[in-house]
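Turn these sequences into a full structure, and let the hints guide you.
Protein chains: 2
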Amino acid sequence: MYNFEFHNPTRIVFGKDRFKELNRLVPDQAKVLILYGGGSVKQFGTLDKVRQALGDRRLVEFGGIEPNPRYSTLMRAVEVVRDEGIDFLLAVGGGSVMDGTKFIALAANYEGNAEDLLTSRPKPAQAPTAHPIGTVVTLPATGSEMNSGGVISHRGGKFVFFSPLVYPRFSILDPTLTFTLPPTQVANGVIDTFIHTVEQYVTVPAEARFQDRTAEGILRTLIEIGPTTVANPTDYDARANLMWCATNGLNGLIGVGVPQDWTTHMIGHELTALFGIDHAKTLAILQPAVWTVRREQKRAKLLQYAERVWDLREGAEDARIDEAIARTRSFFEALGVATRLQAYGVTADRLDEIVRALEEHGMTALGEKREVTPEVSRRILEEAL
Amino acid sequence: MYNFEFHNPTRIVFGKDRFKELNRLVPDQAKVLILYGGGSVKQFGTLDKVRQALGDRRLVEFGGIEPNPRYSTLMRAVEVVRDEGIDFLLAVGGGSVMDGTKFIALAANYEGNAEDLLTSRPKPAQAPTAHPIGTVVTLPATGSEMNSGGVISHRGGKFVFFSPLVYPRFSILDPTLTFTLPPTQVANGVIDTFIHTVEQYVTVPAEARFQDRTAEGILRTLIEIGPTTVANPTDYDARANLMWCATNGLNGLIGVGVPQDWTTHMIGHELTALFGIDHAKTLAILQPAVWTVRREQKRAKLLQYAERVWDLREGAEDARIDEAIARTRSFFEALGVATRLQAYGVTADRLDEIVRALEEHGMTALGEKREVTPEVSRRILEEAL
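If you read the sequences in order, they're chains A and B. Just so we're aligned: the first sequence equals residues 1 to 385 in the working numbering. Just so we're aligned: the second sequence equals residues 1001 to 1385 in the working numbering.
Careful, some of the hints might be misleading.
To be verified - With a straight-line Cα cutoff of 25 Å, these simulated DSS-like cross-link-like pairs (lysine-lysine) come out:
{"no.": "1", "chain 1": "A", "residue 1": "16", "chain 2": "B", "residue 2": "1369"}
{"no.": "2", "chain 1": "B", "residue 1": "1020", "chain 2": "B", "residue 2": "1031"}
{"no.": "3", "chain 1": "A", "residue 1": "20", "chain 2": "B", "residue 2": "1123"}
{"no.": "4", "chain 1": "A", "residue 1": "158", "chain 2": "A", "residue 2": "369"}
{"no.": "5", "chain 1": "A", "residue 1": "20", "chain 2": "A", "residue 2": "31"}
{"no.": "6", "chain 1": "B", "residue 1": "1020", "chain 2": "A", "residue 2": "123"}
{"no.": "7", "chain 1": "B", "residue 1": "1042", "chain 2": "B", "residue 2": "1020"}
{"no.": "8", "chain 1": "B", "residue 1": "1031", "chain 2": "B", "residue 2": "1042"}
{"no.": "9", "chain 1": "A", "residue 1": "31", "chain 2": "A", "residue 2": "42"}
{"no.": "10", "chain 1": "A", "residue 1": "123", "chain 2": "A", "residue 2": "158"}
{"no.": "11", "chain 1": "A", "residue 1": "369", "chain 2": "B", "residue 2": "1016"}
{"no.": "12", "chain 1": "A", "residue 1": "20", "chain 2": "A", "residue 2": "42"}
Derived from the structure by calculation, the hints contain no laboratory data.
Following this line, the structure appears as C-alpha cells:
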C-alpha cells in the first residue's frame, strides 16, 4: 500500500425527504445562492421544496448551468455572488451543477483572472478561501457531492481542478428526488460510477486489499442493481444502492494508497468536447478498448477483476480476460448504451483530430505508469471504432 | 437501506515515518499534553520520536493509562489539562489511550460531575466543547483513531460514550510503529476488527449492498492477512492491511444505514470487568455462541456470511451455517486465542453473576431487534462455556 492522506469532511444526509433538514444544515443568517441546471428541478418541484425548506433566509437563484458546465456561464454566477453579497452556495442538481458551483466558490474569492484556477490543483495564493457549499443531489453519478474536484469546459477543452476548499459542507442524497430522471441519465450514472471505480482499481497490484475489495463491492453492486434501477426508477432500494455507490466510487475511499489510471476519462473528455457525446457514454466506448490495448500492463488486475467481479476462475488467462472485457461491454450495452465510436458517428478519419486535442491539452503520458503516449491513445481509439 | 447521516472529519495520515509530520498537523502555538499507556512507547522509542517531531512546542506528558482505562486515572489527567493550560491532546497508543484521551477532552470542559458524561451520548450542555485531539496509533484494533466513541471503566462496569466533539483532528497510522507489538496483541487486534465488522453485518438484511460488500471485504482481508501479520510482524503489507481494515471497521462506513447488533461487545464488557479477560478474547469466546443461539433471527445474513466470506455455497442451509461458525472459531483459535469460557477459568457457576451484571448495567434488550433478554444472554453464555 502506498502512503496516503485521507480527509473527507463532507456530511452526508441520506434518505427519503431529507431535504427538509436544509433548515438545520444551512447557517441561519446566510444569504443563499441556489444554483441549478435546466428546467427539471423546476418541473418536478424540487426547487420549490428546497426554497420552502430554507425558511425565511434571503435567497437568490441562478439557473441554466449546462451539462459540461462552461467557464463563461459560471463567471456570470460569480458576478451574482459578488453583487448580491452571497454567503452560501446551494447546488441543486447533478455533477455539472455541483462541479460548476465548486468553481464559482473558488472564483468568487480570486482577485486575478479566474482562468488561472483551471489548473488541476490551484495554489492557495490563487484561491485563498472559498464560499461554503451544500448540495442536493438529483443525479447519482459523479461523486462530486463528496469530493473536492470538478470538471469545467472552456475554449474547446475540459479542465479538471481540485481544491480541499470545495468539499461540500453537506450533501443531501435523497433517492426519491432522482425517480423522475430519464432512463438514459440513470444508465449514464451507473456507467460513470463503474468507470470511476475501475480507473482506481484495474491498474497494477499494490497490496491494498481493503481498497480492492471495496472497489469490487461497488462493481458487483452496480452489476446487480444497474439494470433494475434503469428499468424500475421508483424501486427505492435499487436507486439508494446506486446513489451510495456513486458517492463512494469517487470520495477518495477506494483511491487512497493505490495507483490510479484515468486514461479513459482523459480521452473521453476530448470526445465530449469534440463531438458532444455524453461523458458516461465516452467512458463506455473507451474502457473495453483501453483494457484490450493495455492488457499486458494490467494483466494481474484484469485477472483479479475477472475472478472477483465476474466469477471467471476457469480456463486460460487470456480467455478469462477476454470474457471479462466482453461481459463489461455487454453490461453497458444492456443498459442501453452503445460502446463503439461509430455508433455515435465518429469514424476513423476523425482520430487524428482527437489525438491532436490530447496533445494540445498535455495528455501525452496517461495511465497508472504514464505509459499511454499519443500513439497508445491512437491504438485505443482504433480499437474503439 | 435505512436513512442515515455520515460525517467523519478525521484526517488520516497513513504510512511509514509519517509521525514526522506532527509538526505540520499540530497547531504551532499549542501547549500539548502527550498521553500514553505503559512503558512500550518509551521502550521502543516512539515517545522520543514524537517529542522530536513536535519541535519546540511546550510539552507535558501523562503516562500510565491502563488497558480498559479507568475513570479515576483519566480524571487525574483532566487536572493536568486544567492546571497546565493545555490546548491540544496527543494520544500515543492503542484503543485504551485514544478512548481515554477522548474522555479527558470532554471532561476537561465540563463543570459538573464528570460521571454525567458516562452516558452513551452526552448532551451538548454537559460537554459544550472538547479539547482538540490527535493520535499516533501503535495498535491496530479499536478504530478509535477515526470515530467519535470510547469505552471507560468505572465502578466495576464499562461505559460507552459517543460525542461528535471527540473525532480526532488527525490520526497517524504508521504500520512500522506496530512491529514491536507482542503477537497476542496483534491477534487481539485482528479479532477486535473482525467482531466490529460482524456486529454491523451479521444482523438482518437491509438492502445495503455497499455496506455489506465492504464488510465482507474487511472480513476476507483479515482472514487472508491475520495469520501472516501475527507470525511475521515486520511484513509491512500485511500489517498495513490490518491497520487500514481496523480503522474502516469502526469509522461509520459499514455501519451507516444498517441494523447493528453489539450483543457480543456488551456481554464481553462484563467478562472483562468481572474476570479481566482481554476485550478481544471475550469477543472470540462469545461470537460463535451468539450465532449459535440466534441462528434463526440471523439466518439470512449467516447464510450470506457463509457464502461470501467462506465460499460455502453447497449443502443444506444449516450445514453451511454450522460450517461458517466452525471456521470462524478455527480462525480465532489459529491466531492463538481460545474460544471457550472454561479456557479462561470461567465455569458454569459464574454465569449468574455475569447475567446479574448485565441487568445492573441495563443490558436487558440487546441485539439488532432488542431481543436479547437476560435469558437469551444466559443461553449464549452457556453455549460459550
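Against the structure, the hints:
no.	hint	in the structure
1	A:16 - B:1369	22 Å, holds
2	B:1020 - B:1031	18 Å, holds
3	A:20 - B:1123	24 Å, holds
4	A:158 - A:369	22 Å, holds
5	A:20 - A:31	18 Å, holds
6	B:1020 - A:123	24 Å, holds
7	B:1042 - B:1020	17 Å, holds
8	B:1031 - B:1042	21 Å, holds
9	A:31 - A:42	21 Å, holds
10	A:123 - A:158	19 Å, holds
11	A:369 - B:1016	22 Å, holds
12	A:20 - A:42	17 Å, holds
Of the numbered hints stated above, none is contradicted by the structure.
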